[in-house]
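Produce the entire structure from the sequences given, and follow the hints as far as they go.
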Amino acid sequence: MGLLAAAYEVMNNAGQSDRTGSGPIPGDVLRPNDSGPVMGGEMKITRDEVEKVSLLARLLLSERELEAMTQQLGRILEYMDLLGEVNTEGVEPMAHAIEVSNVFRQDRVEPGLAREEALANAPHRDEECYLVPAVLGEP
Amino acid sequence: MNEVLSITEAAEKLEAGELSPTELLDSCLERIRQYDERVRAWVVVDEEAAQKAARQAEEEIARGRYRGPLHGIPLGIKDIIDVAGLPTEAGSPLRRGHVAERDAPLVAALRRAGAVILGKTVTVEFACFDPSPTRNPWDPSLGHSPGGSSSGSAAAVAMGMCLGAIGTQTGGSLVRPASYCGVAACKPTYGRVDTEGVIPVSWHLDHAGPMARRVGDLAALLEVLPPGKDFSPPLPAQIPEKRFGPSHPPRLALVEELFAEGTDEAVRDATQAGLARLLAGGATVEPVRLPEGFDRINELHSQIMAVDAAEYHRDQFAAHRDQYGPLITQLLDQGLGTRAVDYAAALAHQRRFRCRIDQWFGPFDAMLMPATDTTAPATLDTTGPKHFQAPWSYLGVPVVSLPCAIAYDGMPAAVQLVQRYHHDKLLLDVARWCETQFAFDRRPPLLLE
Chain U
9 MGLLAAAYEV
19 MNNAGQSDRT
29 GSGPIPGDVL
39 RPNDSGPVMG
49 GEMKITRDEV
59 EKVSLLARLL
69 LSERELEAMT
79 QQLGRILEYM
89 DLLGEVNTEG
99 VEPMAHAIEV
109 SNVFRQDRVE
119 PGLAREEALA
129 NAPHRDEECY
139 LVPAVLGEP
Chain A
27 MNEVLSITEA
37 AEKLEAGELS
47 PTELLDSCLE
57 RIRQYDERVR
67 AWVVVDEEAA
77 QKAARQAEEE
87 IARGRYRGPL
97 HGIPLGIKDI
107 IDVAGLPTEA
117 GSPLRRGHVA
127 ERDAPLVAAL
137 RRAGAVILGK
147 TVTVEFACFD
157 PSPTRNPWDP
167 SLGHSPGGSS
177 SGSAAAVAMG
187 MCLGAIGTQT
197 GGSLVRPASY
207 CGVAACKPTY
217 GRVDTEGVIP
227 VSWHLDHAGP
237 MARRVGDLAA
247 LLEVLPPGKD
257 FSPPLPAQIP
267 EKRFGPSHPP
277 RLALVEELFA
287 EGTDEAVRDA
297 TQAGLARLLA
307 GGATVEPVRL
317 PEGFDRINEL
327 HSQIMAVDAA
337 EYHRDQFAAH
347 RDQYGPLITQ
357 LLDQGLGTRA
367 VDYAAALAHQ
377 RRFRCRIDQW
387 FGPFDAMLMP
397 ATDTTAPATL
407 DTTGPKHFQA
417 PWSYLGVPVV
427 SLPCAIAYDG
437 MPAAVQLVQR
447 YHHDKLLLDV
457 ARWCETQFAF
467 DRRPPLLLE
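Just so you know, the protein sequences line up as chains U and A, in that order.
To convert, note that position 27 of the first sequence is 35 in my numbering; the numbers rise steadily by one, no gaps.
To convert, note that position 173 of the second sequence is 199 in my numbering; the numbers rise steadily by one, no gaps.
Derived from the structure by calculation, the hints contain no laboratory data.
Being a predicted model, the structure only gives us computed values, none of them experimental.
Among the hints, erroneous ones may be present.
Unchecked claim - Partial selection, computed: residues in chain U whose CB lies under 7 Å from chain A: (1) A14; (2) L63; (3) E71.
As the list claims (entries may be wrong) - Pairwise CB distance ranges (calculated): (4) U:R83 <-> A:P471: 23 to 31 Å; (5) A:Q82 <-> U:N21: 53 to 61 Å; (6) A:R315 <-> U:E17: 18 to 26 Å; (7) U:E97 <-> A:R469: 45 to 53 Å; (8) U:R113 <-> A:E287: 50 to 58 Å; (9) U:E57 <-> A:E49: 27 to 35 Å; (10) A:V70 <-> U:M88: 48 to 56 Å.
Note that CB positions come from ideal geometry on N, CA and C, so glycine has one too.
Listed below in C-alpha cells is the structure:
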C-alpha cells in the first residue's frame, strides 16, 4: 500500500478502533482525550516510566495522553495495593478463587441446520449464499 | 526557569516584562553547564559578552525601546560563521585560534535586531562529512548521530541551550541534523541569506539559514537575516496570489518516488502518522512524480560540491593533507580528480534544472516528503546520507523541515516542505499550519533528568 493510502487508513480508523492497533496512531487532534485530571497523593508510576513503556510497546502517546495514562495506571496500581491488605495467612496459592472443572459433551455426529433453513431469514441471498453490502470498495 | 521556551513564547514574555533577557540567558547557561559536557554542542560560549548584551537588552526593553521578536533572545552561531572576537575554527585543527575580526553580515543583522549571541556551535570539519564530537540528546545513551554538518546548532536548540541557531547547508547540513534532533530548520532560497563571512564549501550550493524549536521562530529569524549582495528579489508579478490561508487548509503534493518510497519502516510509520494528521486537519494531499532527470541530481551535486571545495582548499590541502579528516580528504581528492568538462556539464545541468523547476510546483502550496530516509543512525561514525536534502540545495529552492512524530525507535522523525524560489514566506506559513496539526511538543529524554 502506498504511503498516502496508508495515511488515509490511519485517519479513517482513528475515530473507530481501539488505539492498541499496530503502528503509531495520531494523538489528541484526532482522538480527543476524555479523562479528566485525578486528584490524589504520590503517583505509583512516573511519567517517564509511562513514556518508556509506551515506546517499548510502540505506542505513540501525545503529551496529554502521557499525562492521562500516568494518572490512570497510577490508579490501577493503587488499587492493587488494596489487595495487599487482605490477610492471606494459611491460604494455599491458587489459580482460581472457586472450584471449577471443564464440561464436556460426547463427541458424536448430529444433524445440523439445512441450507434452506439457514438462508430462510436472510434479507438478501444469491442462490446458496448470503448477500451482504460490499466491505471493500465497489462490488 | 526549567521550561524550554520557543522564541515566540519568550518574546511575548520579554516584551510584557514578565521575563528579563538576563533570566532567559541564565536558564540557557544553566542548561549548558548541566548538559554540554555530555552533548558537546558548543565550541565556545562567550558568557561575558552574552551577559553584557542581555543586560543592554534588558535596559532597552525597560526604557520602552523593544526592537522586535529577537530582542534579548540567546542564539548560537555555527562555527564556520564569523563572530567578531571569537574564533572561527570550522572543526579543523588548521583553524585553531583563528579569531574573526568582524561579524559576518548575518551576525551583525541579528545583533541589530537585539539578539544575544551566546557563542559558537560545533560544526563537522569544514562543514563536510567527518563526524563531530556532538551527541544526539534524544538517545539517553548518547550513541546516535546528531547529523551534520550543523550538529552543534541542532543539539543546542533541542536541549534549550539557546532558543535558535544559525547553520549552513551545502547538501543537507541544516535539514538533516535538525530532523535527527527533533527541531525545525529553514534552508531559504539560494542567496536569500548572505554567506559573506562564512567559510565556503561550494559557491554554487551553500546556504545559511535558521534552526529553532518552532516554525514561527524560523520566520522571525529569517525576517532579519540579510540577503546576499548578488541576490535579485523576484519581480512582483512572479509571485502568484496566495491561496492558502487560515480558512483554506493547504493543497500539498506528496513526493513518493526516491523519497517516501526510500525510507525505512520507522520513518515511514512516523510520516504516515503525520500525513494522517494533515488529512484530518483538512489538507489535500496528492501524489506527484519528480521531473525527468531528477535522479541524476545527487551524483551531480556531489561533483559540484567536490570541485568547489577542492578549489577553496587546494593550497592548504597540498601543504597539510595529514591534518584533514578521512572523509573530507576523499571529497577533496575527488574534486581535484574531476575533469573540467564533467564539472561544466554538472553546472549546466544545475542551471537548466533551476530554470525549469518552477513549473513543477504547479498549483500546490508545498511539496511534501520525509526529511530523512531513517531516523538518526545508531552510530557516531556517520552524520547520515545527504540524498534526501541535497537535491533542494542543488536547485536552490526553499525548504522548511519540522518534526512530525516520534518514530518507534524513540527518535524523532521529520518531514520537509519545498516551494518554488522566493516563496520562503508562503512556505513558512504552510509549515506552521502543518506544525499545528502535528502538535509535536516532545523534548529529548536527557532534558527530563
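Checklist line | Assessment of proposed distance window 48 to 56 Å (beta carbons of V70 (chain A), M88 (chain U)) | finding: holds, 53 Å
- Query: How about A14 (chain U): closest beta carbon in chain A under 7 Å, or not?
  - Reply: holds, 5 Å
Q) Is 50 to 58 Å right for how far apart the beta carbons of R113 (chain U) and E287 (chain A) are? A) About 55 Å separates the Cβ atoms of R113 (chain U) and E287 (chain A), which means 50 to 58 Å holds.
Restraint check, 7 Å cut-off on beta carbons, for L63 (chain U) near chain A
The hint holds - L63 (chain U) has a Cβ within 7 Å of chain A, the shortest such distance being about 5 Å.
Open item on the list: Taking 45 to 53 Å as the stated bounds, is the beta-carbon spacing between E97 (chain U) and R469 (chain A) within them?
Closed with: holds, 48 Å
Verify the CB-CB distance for E57 (chain U) and E49 (chain A) against the hinted window 27 to 35 Å.
holds, 32 Å
Check your understanding: Does the hinted range 18 to 26 Å hold for R315 (chain A) and E17 (chain U) at CB?
Key -> With Cβ atoms ~23 Å apart, the hint holds.
Are R83 (chain U) and P471 (chain A) spaced within 23 to 31 Å by their CB atoms?
Holds, at about 25 Å.
**Report entry** Residue hint E71 (chain U), partner chain A, criterion CB-CB below 7 Å
**Finding:** Holds. Min distance 6 Å.
Exercise for review: With respect to the beta-carbon atoms only, verify the hint that Q82 (chain A) and N21 (chain U) lie 53 to 61 Å apart.
Suggested key: holds, 55 Å
Every hint, counting from the list given before, is met by this structure.
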